[in-house]
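Participant: Required output: the full structure, derived from the provided sequences and hints.
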Amino acid sequence: MTSRFSKGGKLIDRTKRLSFRFNGKNLFAYGGDTLASALLANNQVLIGRSFKYHRPRGIVSSGIEEPNALVSLGSGGNFEPNRSATTIELFDGVEATSQNHLGSLEWDVGSVNNLISKIFPAGFYYKTFIYPRFAWKHIFEPTIRSAAGLGKAPKEEDSSSYDYFYAHLDVVIIGGGITGLVAAKNLAKSGLKILLVEQKHFLGGYALSEEFKINNSNSFEFIKKLENELSDFENIRVKKNFSIIGIHDHSYLIGSENMEQMERNSQSSIRQRLWRIRAKHVILATGAIERPLVFAGNDIPGVMLCSAALEFYKLYGVSPGDRVVVLTNNDSAYSSVIELFNAGISVPLVIDVREKSDGNLPLKAKKLGIRVEFSKAISKVIGKKKVKAVELCSVVGEGAVLETIICDSVLMSGGWTSTLNLWSHCGGKIKWDSKLNTLVPDESFPSINEFGRSFITVLGSADGKFWPSDLFANIEKKLNILYSELNLKKTKTIRYDIDKSIKGETSSIFCVPEAADENLKAKSFVDYQNDVKLTDLRIAAQEGFESVEHLKRYTTLGMATDQGKLSNINGIKILANLLGKEINEVGTTTFRPPYTPISLGSIAGEARKELFKPIRRTPIHNWHQENGAIFEPVADWQRPYAYIRNNETLEEAIHREVKNTRNALGMLDASTLGKIIVSGSDAGEFLDLIYTNMMSSLKPGRCRYGLMCNENGFLFDDGVVVRLDEKTFLCHTTTGGSDRVYSWMEEWHQTEWWDKKVFIQNVTEEYTQITIAGPKARLLLEKLGGLKVDNVNFKPLDFFEGKLGNFEARVFRISFSGELSFEIAVPSKDGIAFWMRCLELGRDLDLTPYGTEALHIMRAEKGFIMIGDETDGTVIPQDLNLEWAISKKKRDFIGKRAHERIFMQDINRKTLVGLSLQNSTKKIPDGAYALKSGGKGAKDVLGHITSSYFSPTLDKPIAMALLKNGKALKGQIVDIPIESGNILKATVVEPQFYDIEGKRQNV
Amino acid sequence: MLKFICPYCQVEADETELTPGGEAHLKRMGPGSSDQEFYNYLFERKNPRGIHFERWLHSYGCGKWFHVVRCTKTMEVFGTYSAQETNPPKKILDIVKQRISFGKKIK
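Protein chains in written order, with the numbering used here: chain B, 12 to 1014; chain L, 78 to 184.
None of these hints come from the bench; they were simulated from the model. Among these hints, one or two may not hold up.
Now the stretches of chain L that chain B is said to cover, found in silico as 3 or more residues with beta-carbon under 8 angstroms [said to hold, decoys possible]: (1) 82-88; (2) 94-107; (3) 126-140; (4) 164-174.
By construction, the Cβ of each residue, glycine as well, lies at the ideal position given by its N, Cα and C atoms.
Facilitator: Below, the structure is given as structure tokens:
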């Protein structure tokens, strides 16, 4: 059984007792424990179930590479699935539950999959569920969907907060192991701004567990001293619980700081912080990860990496078992063996697949009296939910059993893989070093920065320097390169005195026994989390999936939350063996960010709810709110859709607003309309190029409706242009178009017509603009005073600037409702006062504010187009019968050349028409298709409905549509299919429904 | 994330501060151009794996358009210059020549 020793454990504080729960059981731990060490200390070996076969699984590793021990953490708003127990620093009250089982963890109904595993071979999705056809939809798909994924998705809103942090640094050192700390010490006096980050909750890495002599002290003491020394330097910041998850172009790093512990202790209101870092240089001291070996039963709970067992013992005082058998292909396992043996754990046998080793460590183990068998392997592990014994066999051969050894834990070591994911994120290449049996950075093809220089320096075991005596082999040379990249003077590298030891070579054998029979292979797991077995890889290779990228996707090797940190290399080696190729020929899969999973919450940061996107409000917003307005978002603005009074329905309110405006007086907050000032001696000439109309001929004091097209000829914005004076134009745009049109004008001015003397200014928010519309509009203006507002002195499309009552105002006689109408702009600071003044003076004129829906209905009754309704980025002004607004005199304007293209003159282009419904009070659904009368299917589609309303003025539904060759359809009936097979019959009419002559607005 | 130095305000701007504007040095075709010329102007764009001349807008900054020469494969940046240059300046083309290092070993 796994248990806690009465003494020892460098990271735990035995005076601090913590309580936590696993699957409802109350358990105890110590401060400094991880969830994994705490579970082992409580003899909880079975932690979860595997993905496909629901096989019992236990803890394999002690870090982020953990494939098995995934748990769900917390509940409600704190719930988080798929957290690896090995990376959770325990706090009081942690509530963890196991995942992926039907029924209890111990008795999982889903484990029936294990018995019928033959129907889940590699690529089973594509093979097993083909026949019978009907079963896919009704049986297979629902079953697979419910089985997919390990943990459950959270159901409640995340109750934690997250934020962002930005940092600009000289050097980021990734990895707080001995290499990272030594690198920091070397750079400390340079004055460089340095951030050193460590993903775990402690510094020192594996050198805390696998201790060695350095500068006459042991590595543990050395690290503690180094940690203290570094804290004296103001230019160095050290962060724990901090992972760099991606390195991007131009040395941009994304870091994730886990502050869960502090949040729980109320020392922080933030749970995770996302760091966005620009660094001049990066040092990768990311270390290495031990590889598992591939043999039958290598996934049974109790089988663990040697390094993990050593860490659990040295850091947390936890034993991996009482009787431990070790299987290795290298010398490093022996340091775990010796430590565990000296701690009093029984080690009946060390099985070494190599023929021999002359290393110091195996010799030392033998001297201690530990039985070591060379050229041997494990045929299979016996046990279901727990290791019970192992069967010894020869490395060569099929796995005939030589001896059965009773044990409760198997430790394995298949060599080490340098952690180079981050080296590759930005394009750096990696290669396989068959001598070291690991990946190494290919320094001929590094990740490069904007200057074309390599910006990542790899040090220590990440560089394949696994042994203490090699650890700093290249450090001087590499740091000197870094100094020259950063234009710094070379500094003497600090020398370290480390005992040299002799070590045996790592064997390339990792899959045992070499000629294992099918039964053994079918229980030899390569990828634990996705249940990929040796047999799956063989099938994939046989079926021709020879590229690693294909193999990965076909078998799902390395595709789980651990992204194959343990399994990738073994998978590639197996594929290389199967294909008879070298590993470098087979290649590796591409490493992509994120290196470790982070929560979506931290990516969202503070951009949630009201902070998700800023909202624009007009100066009259509060009044709208207090007076029953229902708001609708228009671009980033909030505009009143309608004002509800008393017990009105929304429709009643809209109809009241329309009728009141048509019969008496309405008032609209039109402040959101874009307002752009174009001034300068060439302003008229410039606007002639921007608009389809002639603007240079506009007289000062007059207004003109204008259209803007893009170079494709498509209409993209419209609005009234006012010539304020000889050199100054005010261009109104749509609400959504103000920023776009402003940028558009700037772009053309800066990049094409920079010789034109103009200055462009977006003044949208400088003015509050109010529309006064209706037969009584003139009366209100007279009451305001200051402007001769009769039809002779102030004609349609006239403009006035001056005092209106006590207000500095600009008055435009323009109408979008078809009524006598004035738009009045006052400085924003006066906006609310002017609105209130109008309300006050308008009381006995029956003045009523109206919203955007009434506005839309009135413009549709008049047949005025709305950008975004009648246009969709493929419509030219000619389609909308707006030829009158396109100048024929101008030599050039944006879109003119495009209008000459043959496609634009096609008679079958969709053109704007009106639709009139017979005997119907219901409006046509927006966007519905219109078909030939009696037509069926796509070939008979004529077009679609662009605007559709119930007109309270005419007391009938009205609609506009874009129909193929619409002009020729006038008077004809078209079909409009609606829900449940019903068809509306509509007559094609002119797209004007009310006051076609314009008598009402010109009075 | 890319970063460029804006040639107008000299700010070293992150990609999030900028808006891309596609290929640089296009010659506008207006009325009078042939159908093919106009088609090429509207739709034909270079998309090289290598050195590329691009337009960028310092949208969340000084608001100016400028030109960038960069390598789309290695993300190296060779220089930025005014949007009112109709051809890339010789100084920047010289830097490009000096640094032709793509696909070759970088010392």
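Participant: All the hints need checking, so say for each whether the structure fits it.
Facilitator: Evaluated hints:
With a threshold of 8 angstroms between beta carbons, the proposed coverage of the region 82-88 of chain L by chain B is violated, since 0 of its residues qualify and at least three are required. Check on the region 94-107 of chain L: 4 of its residues sit with their Cβ under 8 angstroms from a Cβ of chain B, so the three-residue criterion for coverage holds. Coverage of the region 126-140 of chain L by chain B holds in this model, with 4 residues showing a Cβ closer than 8 angstroms to a Cβ of that chain against a need of three. With a cut-off of 8 angstroms between beta carbons, the region 164-174 of chain L has 0 residues touching chain B; three or more are needed, and the interface restraint is violated.
The structure shown violates the earlier hints numbered 1 and 4.
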